[in-house]
Every structure is written in structure tokens, then in C-alpha cells.
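S.K.: The chain contents come next:
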Amino acid sequence: MKVLKILLVDDEQEFVTALAERLELRGYEVRAVNSGEEALQVLEADVPQAVVLDLKMPGLSGLEVLKRIKEQFQSLPVLLLTGYGSTKDGMKGMQFGAYDYLMKPLNIDDLITKVHEAVNASQ
Amino acid sequence: MKAKYLTTLISRIRKGTGENGNRYQKLRIRIAVGMFVVTILPLSIMLVINQHNFQKSLKQETVSQLRTLASKTKHSFELFLQERLSAVRYIAHAYNFEQLKSPDKLQEIFYTIQENFSGFVDLGLINPEGIQINYIGPYDLLGKDYAQTDSYQGVQVSGDWISEVFLGYRKFPHIVMAVERRRASGQNWILRASIDIDTFNEILGAMGLDPESDAFLINQKGLLQTPSKFYGEILTPVPLSVPPKTMQPFVRETEDRQGREIFLTYANLANQKFILTIVKPKASFYKSWYALKGQMLLVFLISVLLISLVIFRLTGHMVRQIKDADEKREIAFRELEHSHKLSSIGQMAAGVAHEVNNPLAIINEKTGLMQDLLLASPEMEKRDKFLSLADSILQSVERARGITYRLLGFARRLESSSEALDVNQVLNNVVGFIQKEADDRNVSIQLDLQESLDRIVSDQGQLEQVFLNILNNALAAVEDEGRIEIQSWEESPEMIAVSIADNGSGMSKETMDHIFEPFFTTKKQFGTGLGLSITYGIVKKLGGEIKVQSQIDVGSRFVIFIPKRQSVRS
Numbered sequence: 001m002k003v004l005k006i007l008l009v010d011d012e013q014e015f016v017t018a019l020a021e022r023l024e025l026r027g028y029e030v031r032a033v034n035s036g037e038e039a040l041q042v043l044e045a046d047v048p049q050a051v052v053l054d055l056k057m058p059g060l061s062g063l064e065v066l067k068r069i070k071e072q073f074q075s076l077p078v079l080l081l082t083g084y085g086s087t088k089d090g091m092k093g094m095q096f097g098a099y100d101y102l103m104k105p106l107n108i109d110d111l112i113t114k115v116h117e118a119v120n121a122s123q
Numbered sequence: 001m002k003a004k005y006l007t008t009l010i011s012r013i014r015k016g017t018g019e020n021g022n023r024y025q026k027l028r029i030r031i032a033v034g035m036f037v038v039t040i041l042p043l044s045i046m047l048v049i050n051q052h053n054f055q056k057s058l059k060q061e062t063v064s065q066l067r068t069l070a071s072k073t074k075h076s077f078e079l080f081l082q083e084r085l086s087a088v089r090y091i092a093h094a095y096n097f098e099q100l101k102s103p104d105k106l107q108e109i110f111y112t113i114q115e116n117f118s119g120f121v122d123l124g125l126i127n128p129e130g131i132q133i134n135y136i137g138p139y140d141l142l143g144k145d146y147a148q149t150d151s152y153q154g155v156q157v158s159g160d161w162i163s164e165v166f167l168g169y170r171k172f173p174h175i176v177m178a179v180e181r182r183r184a185s186g187q188n189w190i191l192r193a194s195i196d197i198d199t200f201n202e203i204l205g206a207m208g209l210d211p212e213s214d215a216f217l218i219n220q221k222g223l224l225q226t227p228s229k230f231y232g233e234i235l236t237p238v239p240l241s242v243p244p245k246t247m248q249p250f251v252r253e254t255e256d257r258q259g260r261e262i263f264l265t266y267a268n269l270a271n272q273k274f275i276l277t278i279v280k281p282k283a284s285f286y287k288s289w290y291a292l293k294g295q296m297l298l299v300f301l302i303s304v305l306l307i308s309l310v311i312f313r314l315t316g317h318m319v320r321q322i323k324d325a326d327e328k329r330e331i332a333f334r335e336l337e338h339s340h341k342l343s344s345i346g347q348m349a350a351g352v353a354h355e356v357n358n359p360l361a362i363i364n365e366k367t368g369l370m371q372d373l374l375l376a377s378p379e380m381e382k383r384d385k386f387l388s389l390a391d392s393i394l395q396s397v398e399r400a401r402g403i404t405y406r407l408l409g410f411a412r413r414l415e416s417s418s419e420a421l422d423v424n425q426v427l428n429n430v431v432g433f434i435q436k437e438a439d440d441r442n443v444s445i446q447l448d449l450q451e452s453l454d455r456i457v458s459d460q461g462q463l464e465q466v467f468l469n470i471l472n473n474a475l476a477a478v479e480d481e482g483r484i485e486i487q488s489w490e491e492s493p494e495m496i497a498v499s500i501a502d503n504g505s506g507m508s509k510e511t512m513d514h515i516f517e518p519f520f521t522t523k524k525q526f527g528t529g530l531g532l533s534i535t536y537g538i539v540k541k542l543g544g545e546i547k548v549q550s551q552i553d554v555g556s557r558f559v560i561f562i563p564k565r566q567s568v569r570s
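Top to bottom, those sequences are chains Z and R.
The working numbering puts the first residue of the first sequence at 1, with every later residue one more than the last.
The working numbering puts the first residue of the second sequence at 1, with every later residue one more than the last.
Not one of these hints is a red herring.
Over the 10 angstroms line for every Cβ pair with chain Z, so calculated as not near, a few chain R residues:
1. N22
2. E78
3. A390
4. N429
5. E517
6. I552
Examples of chain Z residues lying across from chain R (beta carbon under 8 angstroms, computed):
7. E12
8. F15
9. A18
10. L19
11. E21
12. R22
13. L25
14. G83
15. I108
Below 20 angstroms or equal to it, Euclidean Cα-Cα: the simulated EDC-like pairs (lysine to aspartate or glutamate) are:
16. Z:K5 to Z:D100
17. R:K26 to R:D324
18. Z:K67 to Z:D89
19. R:K59 to R:D210
20. Z:K5 to Z:E29
21. R:K366 to Z:E24
22. Z:K56 to R:E355
23. R:K101 to R:E129
24. R:K105 to R:E115
25. R:K366 to Z:D11
26. R:K366 to Z:D110
27. R:K72 to R:D198
28. R:K540 to R:E494
29. Z:K67 to Z:D100
30. R:K540 to R:D326
31. R:K366 to Z:E21
32. R:K541 to R:D459
33. R:K366 to Z:E14
34. R:K59 to R:D256
35. R:K366 to Z:D109
36. R:K564 to R:E464
37. R:K564 to R:E451
38. R:K366 to Z:E29
39. R:K273 to R:E78
Think of the hints as simulated: they come from the structure by calculation, not from any bench.
Built from N, CA and C at the ideal position, the CB exists for glycine as well.
Turn these sequences into a full structure, and let the hints guide you.
M.R.: Set out below in C-alpha cells:
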């Protein structure tokens, strides 16, 4: 099976490192970054198969990053993470082209399922 | 003990609303009195003025009628006397002394005159010495000496003469007319005629007076010249004052001997001998006056009654409207305050939930990683112990997540919105909120929900609040180990019904009458008295209805009807 390359974007350092490690344990190639700006830089050099993006971040917001990603890499699937109970931001993100959104704290199996769905859908 | 506490509470509450009710009662009385004064006062003044004017004009009318009658009758008398005097004067001039001396001739003349003029009784010729030398009539008066009589002397002064009524030689009331014929020789002779006073009575009778009234002639000395109904026999003095000599009839208001109030009308006849007197008792005047006054009073009383009725209804309506408006405003204000409070709580809850979610997510991932690592190292010491520890941490995270989601959901639902809802699901949610407290107190909550209930379009947050308020009340009403039953069913194709019943303390009729009023509470220290009034407001706003049945010591049952489709209401 082809190794999926995933870009994780979340300002919560502890969260991303733990999640990245878990995904790696499950055989994914993961690049974890802590801000939108960093994510965009990484994308310039190396495009993954999927992006998991937190909506609420200092600096460039998740929504802003999503817009820029969609401008450059239209077919790159993006999954959103939201801390809000409100689905409003997630829905908004989907309007801007996100594949789906997941609420934190998340279930890793759900995340993996969604990532595969998104990648399959983009191909 | 509890019941006693409740009754004192209720009496205190009712006293409170009583004072409030009193305020509106006072307002109503003030408005009513004001309206009464501005309507009844002018009406009363008008009544008094009208009465006065009516009395005056009625009196004037009576007086002028009397004056007219007196004037007419006076003319009749004058005409009557004048005609007869002219007839006698004509005879005296048409015939000479020699002719009149002849009994045959005089007889012929007398018959002619009797045929043409009523009232003539006899006709006589008196010679210059005053002796009646010729006489035609029913009495034997030939040769009588009239030299000393008033008529003889009177006629010599003015040439003709009409006497007052007297009995004379004949002992029969009559008047005498005499005309003197003067001759150059100084041998003046007199033609003298008697006229009976039946004709006077006829003229008086023709006045058509009512039986209470009286009319008669008197002379200047006050002696009755015609018989009177009430004031004595002919030629007796009348017990009324004799008026001054004025030609115009005049009316005087006075009392007679018998004490009757009367209109006394006088009219002097042209010859100044007779005075026509009409007595009309005031009683008849008062009778018509009282009738008129009675009618006016009746109209007045009916008006007052109608005005009172209108004022009563109007003020009642007004005050009710004011009261309703006050209450609505109060409820709206409280609701606003309440929703403000809720929305700030909601904001805070959302903030807390969000802040807690991030560390939760970290715990989740770290623990997850721990688990992953443990699973990957089968030979590790106490691996199973760690695995189960990680598992229980993850379970706690799951629980905490449930709490934050609920908080966020609560905050979200404060925003009013319409969505398709499963009422049963809403009820389950709400029961979830109070399940803990119910379990602690061993209160059983039984759900009997109709399956496959149609989804309704309504506001979830509002509905939850309605159910939660009523459930909280039910929980407060039941004793420990009590029972609460929740049912849902389809009431009609447009309505869903939810019933929440408890076997708690129940309510009296008085309490039930007031439970939806703002500030009415039986939980004096704990309640704001707003829960049910807000609940009521919400249900009404959602286009629904709420009904309550209760019996002391048996329990209460609230039934909420909610329309499936929310009618558009702002």
C-alpha cells in the first residue's frame, strides 16, 4: 500500500506531536507544523496527499490558510479540526472547499477514515 | 406542616397581588368618578335650569291663557250689555212718550225686543215724577214709585244706566237698564228694562272651565253678582280681595280662604260696575308641571343609568387593558432580563468549553499515543495495568467531552432558531439534565413517548427550557421516591402534546389561578416566580397552549400543546 503523506497544522505543539507520532505508528508519513505560515512554506516545497488543519490559530487563521491552499492546490484534500461545539465554522470551511471537519478531542480512527475518504475522493 | 407553610405563603402572595389589584381598582374608581363628574354634573345643571325655565314658561302660559280667557269673556259681557242697552236706547228714541204710554204699543215693542234679544224680562215707562206708568212683564209693577231708586237717580246723571245685580221688588236677581229721554220742557221720561242674569251664567258657562275652577262677576264692593261654585251665594261678599280698577285683565297668585293656592284673574268690565273674576286652582297647574317634571326626571335618571353603565363597562375595559399591558410589559422585561442572563451564561459556557477542549484534545492524543506505544511493546512490565489506566483516562476524556459539547450546545441553542425537531429526543435531552438529581432523590421518571412522532418545526432551546422548567417544578413538588411521568402523543394533525405529571403536593384552586402570573411563587426563598410565566410566554410564542390540572396531595399535570408548524410570529 502506498504510504500516505499528511500535513498536520495546529498551534498546540503537544497536540500535533502526539497526533503525528500516533499516525506515524500507524504507518503514515506525517509532517507537523504549528502555524499557518509554516504550513504554507512546507507546501511550497513538498505537497502531501492530505492536510489536517486546525481552524483556530494565532496569526493566519485556519480559514485563511484553507483559502490559500485551495487557490494553489485545488485538488489537495483538507480536513478541518475545530474546538468549537458549533458546527458553524466547520460548515463555513466546507464552503471554502474543505472535505469535512472533525471536532476536538478527536477519535484517531475517525480521523484516519476521513483522511482516506478525502484522498479517495480527490483522485 | 408543609401544607400549612404553603397556605401561609399563598396568603402572603395573594395579599401581594391583592395590593396590586387594589391599585387598579383605585385607578378605575378615580377614572369612573372623573367621568361621572364631567358627565353628570352638566346634566344635573341642565336639569335644574330646564326645570326652572319650564316652570316659568308653563306658568307664563297658564297666566296668558287665563288673561286671554278673561279678556274674551269680558268682551262677551260688554257686548251683551251694550247690545241690550242700545236696544233700549233705540226704543227710547224711535218712539215718543205718547206712543210708549200705550200699553198695546209697549206690548208690541216688548215682544219684538224679546224675540230679538235674549234676557229681557220686562219693559216699563217711568214718568218724570218717577212713577212707572206703563209696564209689560210678568210682575205687577205698574204704578211703582222709582224716584228713590239708584236707577232713577243714576240715569238722570248720565242719560243711561245699567244697574248692578239686585233683587229689587221682585226678589229675583236681575239687572236694570234705564235710558232717559230728555225733553226741552224738562219733562224727562225714562224707559226701563229688566234683564235676568241667566245669560250671565250662560256666558260664564261658555268659558269651558274645568270643574276645579270658578268664574263669576263681582261688583266694586266685592259682592257676588253671579253665583259662585266655591265662594258663596249671589249678592254675598266674596272672600277675596277686590282689585284696583284697571281695564286690562291681570292675574295674581294667591291663596283663598280655604287655603287653596290659586291663580286669581280679574278683568274690569267697561262700565266699571262689574269685575269678571276667574279662580283657577294651582293644583291643576301643578299637575301638568309635575307630569312634565316627572318626565324630565325620568329622562335624567335613565341618562344617569346609561352613563353609569357605560362608565362601568368602559373603565373596567380600560383598566383591564392597562393591567394586561402592564403585565405583558413586565413579562417581556423579565424575559429579556432572563435571556440576557442566559446568553451571558451561554457565552461563558462556550468560552470555558472551548478552553477546556484544547487540553482535553492533548490529553486524548497523549493517552492515545501511550496506548499505541503500550500495544507495540508486548514484553513491557505491567503493560496491561498501564493499558487499562490509559483506557480509563480516555473514558474520562470522553465524559468531559460530553460535558463540553452539552455546554456548547446549550449556548448555541440560546440563539432562537427554528429547526425540525424530534420532541421525544428533546424530552430525552431534558430528562438527561435532571436525571442526576432525580436519581439522588430516588424519584422515578417514567417516559411514555409515542413512537414515530412527527418531527415538528420549532425552537429547540426554547422547547428545552419549557420542559426543563416544568420538570424542575415537578421535581420540587414530589417527595423523595416520588414519581414523574412524561408522555407525548399526537393530539391532532397539527398539534403534538406533551404531558408532565407528578404525584407531588399538588396545588389549590387559588394557586392554579395564579401560577402563570409573573412573581407568583410558592418557593418563596428559592424561586423568582418567573419560571412558569416565562414558560407560558414561550409556549404562547411558539403558538402553543399550556394546561394544568392539579389536586392537593394528589399531584399536578401540565399538558403542553405545540404546533407542528410554527406559525409566523415575531
